[in-house]
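Engineer: Construct the complete structure from the given sequences, taking the supplied hints into account.
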Amino acid sequence: MAPAPSITIPWRTASFRLTALIASLFLIAALVIVAVLYWSMSDLILRQLVHDVTARAARVQARIARLGPDQAQSYITRVAEADRTTFFLLARSGDRHREAGNLDAWPSHIHADGKPDVFSFERGGERILALGIATNLGDGRMLLVARRAVAQEQLTRRLQWILLAGSLLIAGLGIGAGLVLSRTVLRRVDAISQTGERFLRGQMKERVPLTGSADELDALAGNLNDMFDRIEQLMRGMREVSDNIAHDLKTPLNRLRIRAEQALDTRMSDQDRQVALERIVTETDEIIRTFNALLQVAKLEAGAMEPVADAFDLSQLIADIIELYAPVAEEAGISLVCQVPPGIAIAAHRQLIGQAITNLIENALKYGRSHKASAAVADVRVSLTTNPREIIVSIADHGPGIAEPDRQRALERFVRLDESRSMPGTGLGLSLVAAVARGHGGEVRLLDNAPGLTAQLVLPRHLLRALATGPSAPETIEIA
Amino acid sequence: MRILVIEDDAEVAAYIVKALKEEGHTADVAHDGESGWTLARSAGYDVMIIDRMLPRKDGLSIVADLRQGEDRTPVLILSALGEVDDRVKGLKAGGDDYLTKPFAFSEMLARIEALIRRSQPEEQTTKYVVGDLVLDRMSHKVTRAGDAIILQPREFRLLEYLMKHRGQVVTRTMLLEGVWDYHFDPQTNVIDVHISRLRAKIDKDFDRPLLHTIRGRGYMIDDGPRT
Chain X
1 MAPAPSITIP WRTASFRLTA LIASLFLIAA LVIVAVLYWS MSDLILRQLV HDVTARAARV
61 QARIARLGPD QAQSYITRVA EADRTTFFLL ARSGDRHREA GNLDAWPSHI HADGKPDVFS
121 FERGGERILA LGIATNLGDG RMLLVARRAV AQEQLTRRLQ WILLAGSLLI AGLGIGAGLV
181 LSRTVLRRVD AISQTGERFL RGQMKERVPL TGSADELDAL AGNLNDMFDR IEQLMRGMRE
241 VSDNIAHDLK TPLNRLRIRA EQALDTRMSD QDRQVALERI VTETDEIIRT FNALLQVAKL
301 EAGAMEPVAD AFDLSQLIAD IIELYAPVAE EAGISLVCQV PPGIAIAAHR QLIGQAITNL
361 IENALKYGRS HKASAAVADV RVSLTTNPRE IIVSIADHGP GIAEPDRQRA LERFVRLDES
421 RSMPGTGLGL SLVAAVARGH GGEVRLLDNA PGLTAQLVLP RHLLRALATG PSAPETIEIA
Chain E
1 MRILVIEDDA EVAAYIVKAL KEEGHTADVA HDGESGWTLA RSAGYDVMII DRMLPRKDGL
61 SIVADLRQGE DRTPVLILSA LGEVDDRVKG LKAGGDDYLT KPFAFSEMLA RIEALIRRSQ
121 PEEQTTKYVV GDLVLDRMSH KVTRAGDAII LQPREFRLLE YLMKHRGQVV TRTMLLEGVW
181 DYHFDPQTNV IDVHISRLRA KIDKDFDRPL LHTIRGRGYM IDDGPRT
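Just so you know, the sequences run in chain order X and E.
So the first sequence is numbered by our numbering: it starts at 1 and just counts up by one.
So the second sequence is numbered by our numbering: it starts at 1 and just counts up by one.
Treat the hints as calculated values from the structure; they're not laboratory data.
Backbone N, C-alpha and C define an ideal beta-carbon position, used for all residues, glycine too.
Careful: at least some of the hints might be erroneous.
[To be verified] Some chain X residues near chain E, calculated using beta-carbon distances under 7 Å:
1) Ile170
2) Glu278
3) Ile288
4) Pro327
5) Val328
6) Gln351
7) Thr358
[As the list claims (entries may be wrong)] Calculated pairs, DSSO-like style, for lysine-lysine (alpha carbon to alpha carbon, straight line, at most 30 Å):
8) X:Lys366 x E:Lys101
9) E:Lys101 x X:Lys299
10) E:Lys201 x X:Lys366
11) E:Lys201 x E:Lys141
Structural biologist: Shown next, in the form of structure tokens:
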């Protein structure tokens, strides 16, 4: 697998792009606000201007109406010359564009309709905005009275400036924030991906450092660390399994081979050959059993177990198993003591729980008897208790027990503590119990029974169910 | 008995057929699901042995289709899938029994015998009799040569199961499943201990033993000479 490219360019990061997007949205919002502001303010200003111009136009007209044409012209000229910068006056007659006034030409789109209109013209290299009213004076003469829209011009200039400065500010802040954010996030993401790379290269102890901020990156890192833990555990499990298969499965296979070779020996008597063949079959069964147990443990450990909806009577199951094993215990000189309150039902895999309890009881019967010192108290005590958090099935024996440092190891696959090497068994019994417990969200505890061992199958209390009606019926899959 | 074997492993199939013929049955073989399904539909079989994973049509759907067509021929499903759920699925699809590979041949034969017996009309009798041993299913009383034998409830069920299958070999696994409803696998000889206790009660004081151990296979209750 090619290593993932390390991200070093800030503007290619998701956080930078997100910041840029948000900054653009802010910019658009600012534009809209400025535009609305401009329209409403210029509307106000224009209204005021319209009012002024209308009054002025009325006064000029009234004056002109009392004067003769020549007098009117000199009046216009006089008034126009008095103020050339803010007040404009222009008279025209017929096709003559300019009769008198301080404007150079009649604005093209102004009609003599008595309504206010905005126009603009160049004067001295400056664009001047004005509002004017043109009226018809009769005899084909027209008069334009206008006023420069100074406030309007200033407003436009100012808003243009504000808009420019504001946009630059927003864009600058956006880019800055994006860079800072992406660098911060990048550093943490880089840390995560580098940890992953090192892990992939085989440094199984590598974990992503957490910042303690409990944000989404920390959550991601936490999940990744859990995943790394799981992978490490699986890898270790796989290595152990292959090591152990090599040892614990090859040994019986080798025995099998030797026995088969012996059976092929032509000098063997028929009776001996029969015995040899029977031992081959027994040996094969043993291998199959080991193999099945191994597969079951592997399957239980590989994936999450489906939750079980149906409840069964755990008390009854334990009582049944004890009943099944009581004669075996008796023959071994062990009394099997049952301390199980009736009517405790749980929602779990009945067969798996049954197998787990069976394994624990078989272990107790197998190892619990070899303790010579306290032969008088050779009993195995099976009890079922609940506390506010757990359901506990305890199997306590008075055997040699397991020394404290060995207890964790005893739960692992194929581990057979030296004391038990001579006993028959696959070395998978306890690890299967542990896998079943874990599969149900519980655990196995190995405690000191002083003397002896107490093995506990601990299940979470939420598996507890009320019994539907009386003692539950056993599974009704009848064979033949 | 006519038996149909649908199994894609030619060697296993040949071995099964050979053993069935030695037991006095006739057997047909199909090596894939489709031809097996054709044979199965032709009917006339007393028991079918169907492998679960077959080319072209899988074993479970053959069984399910048979049951859909009201064909109630007993079916033994063979499978390499032996988990709890797999087994339940097999029986839900309509299988009558489920055997996980690799299996002991004696185990398969014993189960086939049990299935054949089951395909016969159910005995309406309330009493099982083997020689002078009598088990009354109604009153839960057991007598041998007229003398009452006191059995624990589980011992009674064990004997009842053995007598129901009298003359047939019953394997330890069948007893665990049929008498204790256990589908898990004990490491110790737990069944043997129960059998020897039962034997002590029904055979010990009598010259003629009825409960036989069939070496490498299981147990059988029978009045005839031990074979």
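Engineer: Now look at each hint and say whether the structure bears it out.
Structural biologist: We went through each hint and held it up to the structure:
Interface restraint check: X:Ile170 against chain E, minimum CB-CB distance 61 Å, threshold 7 Å, status violated. Checking X:Glu278 against chain E: minimum C-beta separation of about 6 Å stays under 7 Å; hint holds. Taken as an interface hint, X:Ile288 checks out: its beta carbon lies about 6 Å from the nearest beta carbon of chain E, inside 7 Å. This hint holds: X:Pro327 has a C-beta 4 Å from the nearest C-beta of chain E, less than the 7 Å allowed.
With its C-beta approaching chain E no nearer than about 5 Å, X:Val328 sits inside the 7 Å limit, and its interface hint holds. With a least beta-carbon distance of about 5 Å to chain E, the hint placing X:Gln351 at the interface is held under the 7 Å criterion. Because the smallest distance between the Cβ of X:Thr358 and any Cβ of chain E comes to about 6 Å, under 7 Å, the interface hint for this residue holds. The suggested pairing of X:Lys366 with E:Lys101 holds, with an alpha-carbon distance near 28 Å, which does not exceed 30 Å.
In summary, the hint linking E:Lys101 to X:Lys299 is supported, as the alpha carbons are separated by about 17 Å, within the 30 Å threshold. Using a Cα cut-off of 30 Å, the hinted pair E:Lys201 and X:Lys366 holds, with the two alpha carbons roughly 27 Å apart. Restraint check for E:Lys201 and E:Lys141: the C-alpha separation of about 13 Å stays at or below 30 Å, so the hint holds.
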